[in-house]
Amino acid sequence: MTEQKNNTYLAVNNLSKSFGNFEAIKNIGIDIKEGEFVCFLGPSGCGKTTLLRCIAGLETQTSGSVIQKDIDISHEPPSNRDFGIVFQSYALFPNLSVFSNISYGLINNKWKKDDIKKRVDELLDLVNLTEHASKYPSQLSGGEQQRVALARALATSPGLLLLDEPLSALDAKVRVFLRKQIRDLQRKLGVTTIMVTHDQEEAQTMADRIFVMNEGEIIQSGTPSEIYTKANSPFIASFIGSMNFIPATIDSSKKVKCNNIEINCDTSSFTENDSVQLAVRPEEIYFKQENQDDNVISATIKEIEFLGSFQRVYFEAKSFSNELIIVDVPSANARKIKLIIDEEINLYFSKQDARIYST
Amino acid sequence: MNLLKFGNIRRGKDSSDRVGQFMLISYIILFLIFLVLPLVALISKSLQNKEGEFIGLANYNLYLQEPALFQSLFNSLFVAISSTIIVVILAFLFSYALTRTCMPFKGFFKLIALIPLLSPSILAAIALVYWFGNQGVLKEVLLGKSIYGPIGIIMASVYWTFPHALIILTTSLSLSDSRLYEAAEVLKTSKLRAFFTITIPGARYGIISTAFVIFTQVFTDFGVPKVIGGNYNVLATDIYKEVVGMQNFQMGAVISMVLLVPAMIAFFIDRYSRKKQISLLTARSVVFKPKKHFKVDMIMLAFCSALALIIILMIGMAQYGAIVKFWPYNLNLTLKNYNFEVAGLGWDSFYNSVRLAFYAAVFGTIIIFVGAYLIEKLRINEGTRNVVQFFALMPMAVPGLVLGLAYIFFFNAKDNPLNFIYATMIILVVNTIVHFYTVSHLTAVTALKQMDKEFESVSLSLKIPIYKMFWRVTLPVCLPPIFDVSIYLFVNAMTTVSGVIFLYSYDTTLASVSAIHLDEQGEVAKAAAMAMLIVYVSIAVRLTHTIITKKILRKTQAWRYNIIDTS
Numbered sequence: 001m002t003e004q005k006n007n008t009y010l011a012v013n014n015l016s017k018s019f020g021n022f023e024a025i026k027n028i029g030i031d032i033k034e035g036e037f038v039c040f041l042g043p044s045g046c047g048k049t050t051l052l053r054c055i056a057g058l059e060t061q062t063s064g065s066v067i068q069k070d071i072d073i074s075h076e077p078p079s080n081r082d083f084g085i086v087f088q089s090y091a092l093f094p095n096l097s098v099f100s101n102i103s104y105g106l107i108n109n110k111w112k113k114d115d116i117k118k119r120v121d122e123l124l125d126l127v128n129l130t131e132h133a134s135k136y137p138s139q140l141s142g143g144e145q146q147r148v149a150l151a152r153a154l155a156t157s158p159g160l161l162l163l164d165e166p167l168s169a170l171d172a173k174v175r176v177f178l179r180k181q182i183r184d185l186q187r188k189l190g191v192t193t194i195m196v197t198h199d200q201e202e203a204q205t206m207a208d209r210i211f212v213m214n215e216g217e218i219i220q221s222g223t224p225s226e227i228y229t230k231a232n233s234p235f236i237a238s239f240i241g242s243m244n245f246i247p248a249t250i251d252s253s254k255k256v257k258c259n260n261i262e263i264n265c266d267t268s269s270f271t272e273n274d275s276v277q278l279a280v281r282p283e284e285i286y287f288k289q290e291n292q293d294d295n296v297i298s299a300t301i302k303e304i305e306f307l308g309s310f311q312r313v314y315f316e317a318k319s320f321s322n323e324l325i326i327v328d329v330p331s332a333n334a335r336k337i338k339l340i341i342d343e344e345i346n347l348y349f350s351k352q353d354a355r356i357y358s359t
Numbered sequence: 001m002n003l004l005k006f007g008n009i010r011r012g013k014d015s016s017d018r019v020g021q022f023m024l025i026s027y028i029i030l031f032l033i034f035l036v037l038p039l040v041a042l043i044s045k046s047l048q049n050k051e052g053e054f055i056g057l058a059n060y061n062l063y064l065q066e067p068a069l070f071q072s073l074f075n076s077l078f079v080a081i082s083s084t085i086i087v088v089i090l091a092f093l094f095s096y097a098l099t100r101t102c103m104p105f106k107g108f109f110k111l112i113a114l115i116p117l118l119s120p121s122i123l124a125a126i127a128l129v130y131w132f133g134n135q136g137v138l139k140e141v142l143l144g145k146s147i148y149g150p151i152g153i154i155m156a157s158v159y160w161t162f163p164h165a166l167i168i169l170t171t172s173l174s175l176s177d178s179r180l181y182e183a184a185e186v187l188k189t190s191k192l193r194a195f196f197t198i199t200i201p202g203a204r205y206g207i208i209s210t211a212f213v214i215f216t217q218v219f220t221d222f223g224v225p226k227v228i229g230g231n232y233n234v235l236a237t238d239i240y241k242e243v244v245g246m247q248n249f250q251m252g253a254v255i256s257m258v259l260l261v262p263a264m265i266a267f268f269i270d271r272y273s274r275k276k277q278i279s280l281l282t283a284r285s286v287v288f289k290p291k292k293h294f295k296v297d298m299i300m301l302a303f304c305s306a307l308a309l310i311i312i313l314m315i316g317m318a319q320y321g322a323i324v325k326f327w328p329y330n331l332n333l334t335l336k337n338y339n340f341e342v343a344g345l346g347w348d349s350f351y352n353s354v355r356l357a358f359y360a361a362v363f364g365t366i367i368i369f370v371g372a373y374l375i376e377k378l379r380i381n382e383g384t385r386n387v388v389q390f391f392a393l394m395p396m397a398v399p400g401l402v403l404g405l406a407y408i409f410f411f412n413a414k415d416n417p418l419n420f421i422y423a424t425m426i427i428l429v430v431n432t433i434v435h436f437y438t439v440s441h442l443t444a445v446t447a448l449k450q451m452d453k454e455f456e457s458v459s460l461s462l463k464i465p466i467y468k469m470f471w472r473v474t475l476p477v478c479l480p481p482i483f484d485v486s487i488y489l490f491v492n493a494m495t496t497v498s499g500v501i502f503l504y505s506y507d508t509t510l511a512s513v514s515a516i517h518l519d520e521q522g523e524v525a526k527a528a529a530m531a532m533l534i535v536y537v538s539i540a541v542r543l544t545h546t547i548i549t550k551k552i553l554r555k556t557q558a559w560r561y562n563i564i565d566t567s
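Going line by line, the protein sequences match chains W and D. Per this note's numbering, the very first residue in the first sequence carries number 1; after that it's consecutive. Per this note's numbering, the very first residue in the second sequence carries number 1; after that it's consecutive.
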């Protein structure tokens, strides 16, 4: 494990970027520590790529600053900044071999021929492509091409690695494989890394820290588990993982009232008559009571979807919600309990797992 | 990581962007000098009297009151519209046969159909004279009507514009989603209904675009009406007569404006419909593959064979006429028609044409490709980019004859510091490059757009200057379209008449112009010989091009063919 240093490697202060009247990013401030792997996560059009391109100098911010290692690089052209970058489209030079692509940046830095060869071999080894050195990009698979792009970006040992949706163009299996390879490589080299992605699973498996973005703003940041368990808004709660939302109000006894049912949960930050949304994750609803104060809902099975490792069950509980309630049951459990359509069953969820958001 | 270098670095924009910005501004200046200001000079000339005093629209008034001149406008419109209708129908059927049927020998027909591109437009007129002229072989077919006039102009125009129409329509017809036809078939739609509800609407913009391109070409063409128009006057020949014959530059300028306006309107409609065309085919479409259909295939084969035969007969007759001793009395073969000394010309004009074509191809390709690269790939001020983009499209809307006349007015002015290029090879080269700028520019832009837009970003992140990237990656990858552009410029420089008719001098006569003058002097055989010389060179250049593409490109384009051992 790399030790977490507390010095800031890259700081972005009050950064804004507009295209005409459109504000792509608004007043963004972030600190990234040396050796950290962070993700900008958000739906398309949220400004995450624009933020990355501003850090790289490929876009010029409208206002604000970017500080790398205590040096203000806000107005430096990309060629004066210290980073390597990998794009979704790979952007490999089609007329150059894998070897020439990787050595592309080294040649200009006046390296000796032997040193270049050594460095490229080292990088090829790092991304497991040693036997492909003399091939052209078009002869490689998408995953292999992206590894070449990664090696090319790392060739000059940049202090900062920028990944712009590097895995989005690949199919599911390769994506999972490369996720781990990139993460391992990043740990091994200790290079500070920023990745842009719209895939929450990717962000959660790879990042040390996630910045969730929407409409040009960072709306929450934290470790993957913090973001998942303590989502600070319905937007994040539904964007990361799935979530049942049930419209509700706070009643006189400071409990949450959904249709006819009162729910136990922490309502300390709300007052009577507030209209709220109760949120419960599908995997946090059980068929057995676990604690004394668990909430209980009587519901009818309406539909079952088989999703491999778990089954998604849709319940109807008119007294609780007008919408169907989604419950994820691990397939191993589902085999023990027989789930039959139209059967009535009790659903339980704990006080802690019930979140409320104001509407 | 060593980041100390950040201590003493330059501030501000990347140097390559600054250089790019500077270069684009010089493009703007060049366009101003060689396109915009000459046109301004032309317009102001049309508003002046002989003494150079401003007289408002008086010249235009005069023009409208001159029935003979006004008649030419209708004549021009008549031949242009008639030719357009005929060409669009013929070319549509021909390209339909090429793209949508399983007719045999498609490659052969495609090759034959492109032959007219290799010759100057006057070649068709000369061939028609041999076929239907006063001493023509098939004179009787015209039932007493003369080939010298609208009939001849329309026939020759159809011949030389046919391949232009074919290229646009073939592209447009090949951009079609086969899933649409499958959907129609599943819904039990008849073939005829599918044709009118899918094929025609799909090719709609292609047809509109073709119509306007062909209209402009015929409307502004000078060579054909000059050779075969007889007493049938059109705008282009009127300009020539006013300027060269009567030295009435003001009226020449006025008629030029009359020629320019429809050409401009046609240009904008064409641009508009091309933009629409692009959106028809999405990434999810499946390209149409024709199915065998014996009856249709055979009808199309007969149709295409007939057109191919006509094309071969036209160029064949021009060649035959060029080597016949004394048409039609002595049909023995001879090469004496290629001896132009007798006509006081020599081969100089031919060599001049080759030189012009060579310079235009070399310098034109470099200038156009670099310009397109700057616009497409560098982070340049949006305003500058748009101005250059606009200027690059403008030449398409300006007829060659008009541009040539504008050059006279602008560069022949005594107080113009660039006066020295007047009547030199330089002005011919510049005029040719500007005249054919748009199509070349669009080819280059299309090629560059296909390259990953992040190449420049990657280079910057690796601290590689843009020019090195351009040299090592962009240029090698774009070699095929670069060759296409240079061939296009070369062949057009060889064949063009209207662009250069006003600009050549005693030392810089050109083959295409000489052919017109030879014809004027009644030396039709020599005119045919001269026109055929242009054809030979065009063919030779095309062949060389094909060989280069096959042989030399194999080396630089190895990645395209995957010929590297993959073991």
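Check the hints yourself; a few may be wrong.
Under the rule of at most 25 Å between Cα atoms (straight-line distance), these lysine to aspartate or glutamate pairs were calculated in the DMTMM-like manner [stated by the list, open to error]:
no.: 1; chain 1: D; residue 1: Lys453; chain 2: W; residue 2: Asp125
no.: 2; chain 1: W; residue 1: Lys135; chain 2: D; residue 2: Glu382
no.: 3; chain 1: D; residue 1: Lys449; chain 2: W; residue 2: Glu59
no.: 4; chain 1: D; residue 1: Lys463; chain 2: W; residue 2: Asp115
no.: 5; chain 1: D; residue 1: Lys453; chain 2: W; residue 2: Glu59
no.: 6; chain 1: D; residue 1: Lys463; chain 2: W; residue 2: Asp125
no.: 7; chain 1: D; residue 1: Lys463; chain 2: W; residue 2: Asp114
no.: 8; chain 1: D; residue 1: Lys463; chain 2: W; residue 2: Asp72
no.: 9; chain 1: D; residue 1: Lys449; chain 2: W; residue 2: Glu165
no.: 10; chain 1: W; residue 1: Lys110; chain 2: D; residue 2: Glu454
no.: 11; chain 1: D; residue 1: Lys463; chain 2: W; residue 2: Glu122
no.: 12; chain 1: D; residue 1: Lys453; chain 2: W; residue 2: Glu165
no.: 13; chain 1: W; residue 1: Lys26; chain 2: D; residue 2: Asp452
no.: 14; chain 1: D; residue 1: Lys468; chain 2: W; residue 2: Glu23
no.: 15; chain 1: W; residue 1: Lys135; chain 2: D; residue 2: Glu454
no.: 16; chain 1: D; residue 1: Lys463; chain 2: D; residue 2: Asp17
no.: 17; chain 1: D; residue 1: Lys377; chain 2: W; residue 2: Glu165
no.: 18; chain 1: D; residue 1: Lys463; chain 2: W; residue 2: Asp121
no.: 19; chain 1: D; residue 1: Lys377; chain 2: W; residue 2: Asp125
no.: 20; chain 1: D; residue 1: Lys453; chain 2: W; residue 2: Asp199
no.: 21; chain 1: W; residue 1: Lys257; chain 2: W; residue 2: Asp121
no.: 22; chain 1: D; residue 1: Lys463; chain 2: W; residue 2: Glu59
no.: 23; chain 1: D; residue 1: Lys468; chain 2: W; residue 2: Asp115
no.: 24; chain 1: W; residue 1: Lys110; chain 2: D; residue 2: Asp17
no.: 25; chain 1: D; residue 1: Lys453; chain 2: W; residue 2: Glu144
no.: 26; chain 1: D; residue 1: Lys463; chain 2: W; residue 2: Asp70
no.: 27; chain 1: D; residue 1: Lys291; chain 2: D; residue 2: Glu182
no.: 28; chain 1: D; residue 1: Lys453; chain 2: W; residue 2: Asp171
no.: 29; chain 1: D; residue 1: Lys463; chain 2: W; residue 2: Asp353
no.: 30; chain 1: D; residue 1: Lys468; chain 2: W; residue 2: Glu34
Please keep in mind that the hints were generated in silico from the structure rather than gathered at the bench.
Point to revise | Hints breached by this structure | key: Violated hints (numbers, rising): 1, 2, 13, 14, 19, 21, 29 and 30; every other hint is consistent with the structure.
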